[in-house]
Every structure is written in C-alpha cells, then in structure tokens.
Amino acid sequence: MKDKKPKSVFKEGAITSEFIGNSIYKHQTKTSIGAHNIFLGQVRADEIDGKKVSAIEYTAYEDMANQKFHEIRESAFEKFNLTCMHIYHSLGTVKAGEICLFVFVSSPRRKVVFEALEYIVEAIKADVPVFGKEIFEDESHQWKVNS
Amino acid sequence: MQITIKYFGQLTEITHIEEESIAFSGTYIKELLETLYRKYNTLKTKDFQVAQNQELVSFETKLTGADIALLPPFAGG
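Protein chains in written order, with the numbering used here: chain A, 1 to 147; chain B, 1 to 77.
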C-alpha cells in the first residue's frame, strides 16, 4: 500500500492563533528545517449592497475534499523538496476576522517554501469542494464563489 | 440502477434535501440531469459541476457510478 489513507484536514469552527502557534512550536525538534512559510486565510467583512458579511458558514463534500487535499499533498511533495506540510480548513461558522484556512510548509531552504505555498493554496481554492455561505449582519445570506 | 445523488451549498436551497436515492435507467449523466431538472425546476438555472465517484466529470460522461454529487462553485479558503 503506497498511499496512506487521507487524514481529515477539517476542523469545526475557526482555527485559533493558539493552534497555529503550537504547530510552529512542534517543529522546533525538526532541525533539518531552515524555512517555514505559512498561509492564513481570514474571513473578510465584505460589504455588498450596503450589507456587511459577519461570518461564513462552511460546508464540504467531505469525502471528496479529503481525497483532493490528499492529492494536493502528494503532488506538492513530488514537485517541491518539502520536509513537511500541514493543511487545516474550517467547517461550520467562522466569524469575520477569524482564520478559516491554515497552510504550513517547511523545507531546508527558503525558495522552495515560497513556491510550494502558492501552489498549494491555489490548488485548494480551485479543486477542493468546499462551499461558503456568507452571512450578513441582518442574517440574510449569499453564496461565496472563489475568484 | 439505483443512484445516490448528493446536493451541496446553494443547490440544497432548491432541493431541500442533501441526499436522495433514485431508480434510473438512462446511460449518460446529462440524462440523469434532465430527470432532476423535471423534479427541481430552477436547478437548470444554477451553475454546478458533477462528480461521479468523487471525480469531476462532463455531462456527456456515461453514468458508471452509483455515487453522484452536484457541486456548486467552490469557495474554500
């Protein structure tokens, strides 16, 4: 068996700064790493027709999404000399200003992590079946579409 | 053939269900969609892709899997 079973990247609710800080801390023992790069997606309080987005409610086709995350991981490890990679995405309600996506890549050298991170984030946006309901302050909503 | 169809995101506002199982005898994905358009009038006006056994497929594809999902535009990240 070559491939491990895809592990879930989904977390219920926002990704906290404690969780992110702790992830960085855990890498102190991996001393072959010389460079980390981190992407944090934050829910933006967009204003649409005079109404402000107060939160996004995320849902996903979880089985397919986990499979896609797994494929993105495998392909990033093939393309780039990465020591490790972590991806976490929120499900459920994430308020404006909170973090909904955390991508963390590490490598011996810096140039690799800049390229790898962009590749991974763009692939997540394009290929993973996650859906976002933008909730306005008056509790009406619209559906988010990645541009 | 018995087919399970999953609906996500804004499509659930049309179907009012997230999953259903239907008996279907056609050959192509597009034929299945015609059946669904008859059931859910406004589905045709929506932008979505179809996944068959968790892989995106064109509407011209032959129906091979019992597991179909209708996916509106992605909004991850």
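For the record, the hints were derived by calculation from the structure and aren't laboratory data.
For clarity, every value in this text was computed on a predicted model and none was experimentally measured.
Hints may be right or wrong, so weigh each one.
Calculated lysine-lysine pairs in the DSBU-like style (CA-CA distance at most 35 Å, straight line) [claimed, not checked]: (1) B:Lys-39 <-> B:Lys-6; (2) A:Lys-11 <-> B:Lys-46; (3) B:Lys-44 <-> A:Lys-79; (4) B:Lys-62 <-> A:Lys-125; (5) B:Lys-39 <-> A:Lys-79; (6) A:Lys-51 <-> B:Lys-6; (7) A:Lys-125 <-> B:Lys-44; (8) B:Lys-62 <-> A:Lys-52; (9) A:Lys-52 <-> A:Lys-95.
Task: Given pair status - Lys-6 (chain B), Lys-39 (chain B), alpha carbons within 35 Å - done: Given pair Lys-39 (chain B), Lys-6 (chain B) holds - Cα atoms ~15 Å apart, limit 35 Å.
Open item on the list: Run the distance test for Lys-52 (chain A) versus Lys-95 (chain A): straight-line Cα separation, threshold 35 Å.
Closed with: Distance ~12 Å between Lys-52 (chain A) and Lys-95 (chain A) Cα, so the pair holds.
TODO: Quickly compare the C-alpha distance for Lys-125 (chain A) and Lys-44 (chain B) to 35 Å and report which way the hint goes.
DONE: Satisfied, since the Cα-Cα distance of roughly 25 Å is no more than 35 Å.
Open item on the list: Does Lys-6 (chain B) sit within 35 Å of Lys-51 (chain A), going by the straight-line distance between their CA atoms?
Closed with: 31 Å, holds
- [ ] Please work out if Lys-62 (chain B) and Lys-125 (chain A) have their alpha carbons no farther apart than 35 Å.
- [x] 28 Å, holds
Open item on the list: Holds or violated: Lys-39 (chain B) and Lys-79 (chain A), Cα atoms, limit 35 Å.
Closed with: 45 Å, violated
Task: Hint consistency between Lys-62 (chain B) and Lys-52 (chain A) [alpha-carbon to alpha-carbon, up to 35 Å] - done: 44 Å, violated
Open item on the list: For Lys-44 (chain B) and Lys-79 (chain A), compute the direct alpha-carbon distance and say whether it is at most 35 Å.
Closed with: Between Lys-44 (chain B) and Lys-79 (chain A) the Cα gap is close to 39 Å, so the pair fails against 35 Å, i.e. violated.
- [ ] Please work out if Lys-11 (chain A) and Lys-46 (chain B) have their alpha carbons no farther apart than 35 Å.
- [x] It holds: about 29 Å lies between the C-alpha atoms, which stays within 35 Å.
Checked against the numbered hints given earlier, this structure breaks hints 3, 5, 8; the rest are met.
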